[in-house]
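Protein chains in written order, with the UniProt record's numbering: chain H, 1 to 614; chain Z, 1 to 483.
For the record, the hints were derived by calculation from the structure and aren't laboratory data.
Among the clues, some could well be false.
[Stated by the list, open to error] Below, computed lysine to any residue pairings styled on SDA-like, alpha-carbon distance capped at 25 Å:
hint	chain 1	residue 1	chain 2	residue 2
1	H	Lys272	H	Asn461
2	Z	Lys220	H	Lys272
3	Z	Lys220	H	Asn531
4	Z	Lys461	H	Leu327
5	Z	Lys461	H	Ser195
6	Z	Lys220	H	Glu591
7	H	Lys146	H	Gly129
8	H	Lys146	Z	Arg242
9	Z	Lys220	H	Gly129
10	H	Lys462	H	Glu268
11	H	Lys146	Z	Ser471
12	Z	Lys299	Z	Asp336
13	Z	Lys356	H	Lys573
14	H	Lys146	Z	Leu431
15	Z	Lys437	Z	Leu399
16	H	Lys573	H	Thr506
17	H	Lys146	Z	Ala244
18	H	Lys471	H	Glu483
Read off the chains here:
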Amino acid sequence: MADSVPVPPLLPRPSWRHRAVVPGARRATGSDASQALPLSFCCRHRGCWARGARWILTFAPVSSWGHGASPRSLLPFTERGSALRASGEMWLLLLLPLCWAVEVKRPRGVSLTNHHFYDESKPFTCLDGSATIPFDQVNDDYCDCKDGSDEPGTAACPNGSFHCTNAGYKPLYIPSSRVNDGICDCCDGTDEYNSGIVCENTCKEKGRKERESLQQMAEVTREGFHLKKILIEEWKKAREEKQNKLTELQAGKKSLEDEVEMLRTVKEEAEKPEKEAKELHQKMWEEQQAASKAQKEQELAADAFQELDDDMDGMVSVAELQTHPELDTDGDGALSEGEAQAFLGGDTQTNAASFYDRVWAAIRDKYRSEALPTDLPESSAPDLTEPKEEQPPVLSPRTEEEGEEEEETEEEEEEEEEDDAEEAPPPLVPPQPASPVEDDKMPPYDEQTKALIDAAQEARNKFEEAERSLKDMEESIRNLEQEISFDFGPSGEFAYLYSQCYELATNEYVYRLCPFKLVSQKPKLGGSPTNLGTWGSWAGPDHDKFSAMRYEQGTGCWQGPNRSTTVRLVCGKDTVVTSTTEPSRCEYLMELMTPAACPEPPPELPAESDHDEL
Amino acid sequence: LVVISDPHIKIDPDYSVYAKAKEQGFFVRSPEGRNFEGICWPGLSSYLDFTNPKVREWYSGLFAFSVYQGSTDILFVWNDMNEPSVFRGPELTIQKNAIHHGNWEHRDLHNIYGFYQQMATAEGLIQRSKGKERPFVLTRSFFAGSQKYGAVWTGDNTADWSYLKISIPMLLTLSITGISFCGADVGGFIGNPEAELLVRWYQAGAYQPFFRGHATMNTKRREPWLFGEEHTRLIREAIRERYALLPYWYSLFYHAHMASKPVMRPLWVEFPDELETFGIEDEYMLGSALLVHPVTEPKATMVDVFLPGSNEVWYDSKTFAHWEGGCAVKIPVALDTIPVFQRGGSVVPTKTTTGKSTGWMTNAPYGLRVALSSKGSAVGELYLDDGHSFQYLHQKQFLHRKFSFCSGALINSCADERGQYPSRCVVERILVLGLRKKPSSVTTHSSDGKDQPVTFTYCTKTSTLSLEKLSLNIGADWKVHIN
């Protein structure tokens, strides 16, 4: 928020009004009383201050409950608390008839342990020894001591402490700036004696609740600790078993390694003849392919030659070539004499042999047969190296009888007729490669090769299987080694959390803790989980290292650090994630309840131990 | 409570502010005549045209209690992003040819756009209190005259020592342009300050006019209590020093308000004849009485402080050690040291008790720190009013007191007879620095003629006289005689 110099925000002024009059009151008593404050005001406050503000009386030492070592007072009584005093006394007498009680007079805000420093009959020396002042300057709302010890019952010293007895509950020190600030800080309400606020005394109720929860906690700790001992025993056994298993595996590993090596040799031995046989087969097939391709080309060329040789004179002339305008090379749509002559290598005509040798290669891609329909360009076109660019991808495979144009119109018609014709190829099906003729496929291996392949495959399978088993075994060994050497706490009590996961659902997310592995957060409304950190280390303070775990290097935050999580371990009977928070951006805090975190409960106290202290 | 109100309005027909502004044509327009649209915090937004008086009037009205549902009388406003900032815009602002009221292009009035928003906001806050309460409006964009409408901070700085260092020249520049109420984000807006930097920044910020810790949401938590007890204590102490000095700050701001005197001043403002001061930007004057040299280096054990003025005496504000002016001195510093020096010849009013808020401290007693000049005299003053309303203006409800020390007598007299403000506050403590001899007696004289002896302590080592537990009303005429 803004700084408040020129326009201080309108904050309530809870206590100054009251506090500020006290110095005036004190000074009025010290001087001849002609101060600015109205008389009635002064009197009222002098009265309050003299009887109520500066002193409190308590019975001591009496302890009502708890394990506290020092005796504590039970019943402060002040002006406004006189009724309380009467009933309190009775309560005291009823409950603890054997106890004795004395009145201890001490300045407001002073604890019973410190009361002897505040002796009314002597000048007061600040607790830090910094100054000695007349006793009437104690609690006079003016700060004389550097340590604030002269104003335990007012807000005058910035570093002062006010002591509440909180009879029935726990005594408490609060910063003295909270005295008379309009907020009840002490359950006995003694911090608000002059602010106009009436504080209810809630100590008894709080004490009862505290006792209950302490009792409950003691119960939980006892049972939890019992479970912890079982967990420790279980881990001892499990660890031993795992150790044995590990030794066993380690022993078995060597023979498995040998087996893998042996099988590798067998496999390699079997693969050699297999490879040779396969290569031979492949080579033979490729040679056959090449021969048949050459023969086809020759046939095509011969057919073309025959077609071109219009006068059947056994020669193809320039004029005969010119009847095929599709052979045009300069793009003018006609094959000129020169162009035709160029095909013929400058000659005017060519015979069948030199046509195949010199001309066919140059014209074969463009040449269109005169015979319609023809299968020549289609079936011969698939040159292994050349993709069929001219084929539009939307077209369905064409039948051999159909020409391009016919096919297209027919297809459109089919579409218009709706798609129910069963034979009609569905539109927009990507073209299949031109159906390979039988020769395109390599013929099956012969029996001998097949046998070799089968043998090699069997060797491979055996080898791979053995190798897999070895890998599995190595993995098991690694996992066991890791688990056995893991720091599961002083006695391995946390081992049982290993390989478990615990979840906590909040409004938006499901948080998942897999101890010693990772923490994640998954949105309830779908979406992938976010990694909140993977196992880092134990992270408790030095004296209590196993009270917290740290998970680090989770998913990075936008413009921020990698997510990380601290898991606090608290004692409980069950193992359950009880809360998750994000105290700082992308730094999560999780609480895991587990019996493994239960401390050894203190030996049970005899029932009447409180009385023994007295 | 300070809430942010930015100039961009989310484009959302269901958002009443957007719908009304659109209906009335209150947005900046694109050259094609449509409402300009740009991306800012809420996503696609249009920008209110604050250069239009009608838009300002309408915007001011939005702060009325009846319109601003759920707002209370402790609500104040912060205008952010009002350069105006447009994410992914050209130069991260509105395009230069966008059209404003009166067909002015954005290029012509870009620099004054934010000023007009702050003007409208301040006016809105005054109106919502029916003219009774002073507004508080913090702005990031400002122009000549913005001091009339509120405070300015230096924008998004970085948690780095160099940014701490340049906060001083930046604020001095702002101050001499008339914008006295200025500050830099304590701790640095971007990044994570180490504990030492944070402490030093709180210490520096405590002596700068606008004092606020602030950081982007992408930083680690950095509340003062998160850096260990010792650092918490040091930060608390720095804040306490500031709160103790608030009466002095407030009086300086009175003069900034009345006469445009900067609160934070380059040394040359006070020492215009001394050339050495012209280039100094690592220290400055707070008013005419205090010289501040914040520590802005890591692991510093010493700072070089220039104490100007050959006829001056300077007193360390904590140890009360003193130096002759006109020389550079090496001041040893620990992590709890904020080098602050009081000029001889000045009286600085303080609060002797600091509390959790200025409201809580309203009736806390005063102290006066009298630092004697080489001639044994000193003057100072205190301005005081209710701290929040316009009654100082309309009903002349203020106190303006003058303190002068001369010939062994400290006199509290009225500096402005027009003002009257009942205060229950007393001067409780008076420190006189540089008193060469231990006095034989000290007496107070009130206007009704009563004289009273006062107990005192005198420290020979530091030549300091300390009067405690006084009860002299701050608003009354009185004298303290030191014999």
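- Query: Hey, Lys356 of chain Z versus Lys573 of chain H, does the alpha-carbon distance stay inside 25 Å?
  - Reply: Violated, at about 44 Å.
- Restraint check for Lys272 of chain H with Asn461 of chain H, where alpha carbons must lie at most 25 Å apart: holds (16 Å)
- Query: Would the pair Lys461 of chain Z and Ser195 of chain H pass a check requiring their Cα atoms to be no farther apart than 25 Å?
  - Reply: violated (43 Å)
- Query: Does Lys146 of chain H pair with Ser471 of chain Z here, judged by a C-alpha cut-off of 25 Å?
  - Reply: Within the cut-off at roughly 21 Å; holds.
- Mind checking the alpha carbons of Lys471 of chain H and Glu483 of chain H for me, to see if they're no more than 25 Å apart? holds (18 Å)
- Given hint Gly129 of chain H paired with Lys146 of chain H - CA-CA distance at most 25 Å: It holds: about 9 Å lies between the C-alpha atoms, which stays within 25 Å.
- Under the criterion that the straight-line Cα-Cα distance not exceed 25 Å, is the pair Lys220 of chain Z, Gly129 of chain H satisfied? violated (42 Å)
- Task: Could you grab the alpha-carbon distance between Lys146 of chain H and Ala244 of chain Z and see if it respects the 25 Å cut-off?
- Result: holds (17 Å)
- When you check the alpha-carbon spacing of Lys220 of chain Z and Glu591 of chain H, does it fall within 25 Å? At roughly 21 Å apart (the allowed maximum being 25 Å), Glu591 of chain H and Lys220 of chain Z satisfy the hint.
- Item | Restraint status (C-alpha distance of Lys220 of chain Z to Asn531 of chain H at most 25 Å) | holds (19 Å)
- Query: Holds or violated: Lys299 of chain Z with Asp336 of chain Z, Cα cutoff 25 Å?
  - Reply: Answer holds: Lys299 of chain Z to Asp336 of chain Z is near 12 Å, not above 25 Å.
- Task: Please work out if Lys220 of chain Z and Lys272 of chain H have their alpha carbons no farther apart than 25 Å.
- Result: violated (65 Å)
Hint compliance for this structure: hints 2, 4, 5, 9, 13 and 15 are not met, and every other hint is.
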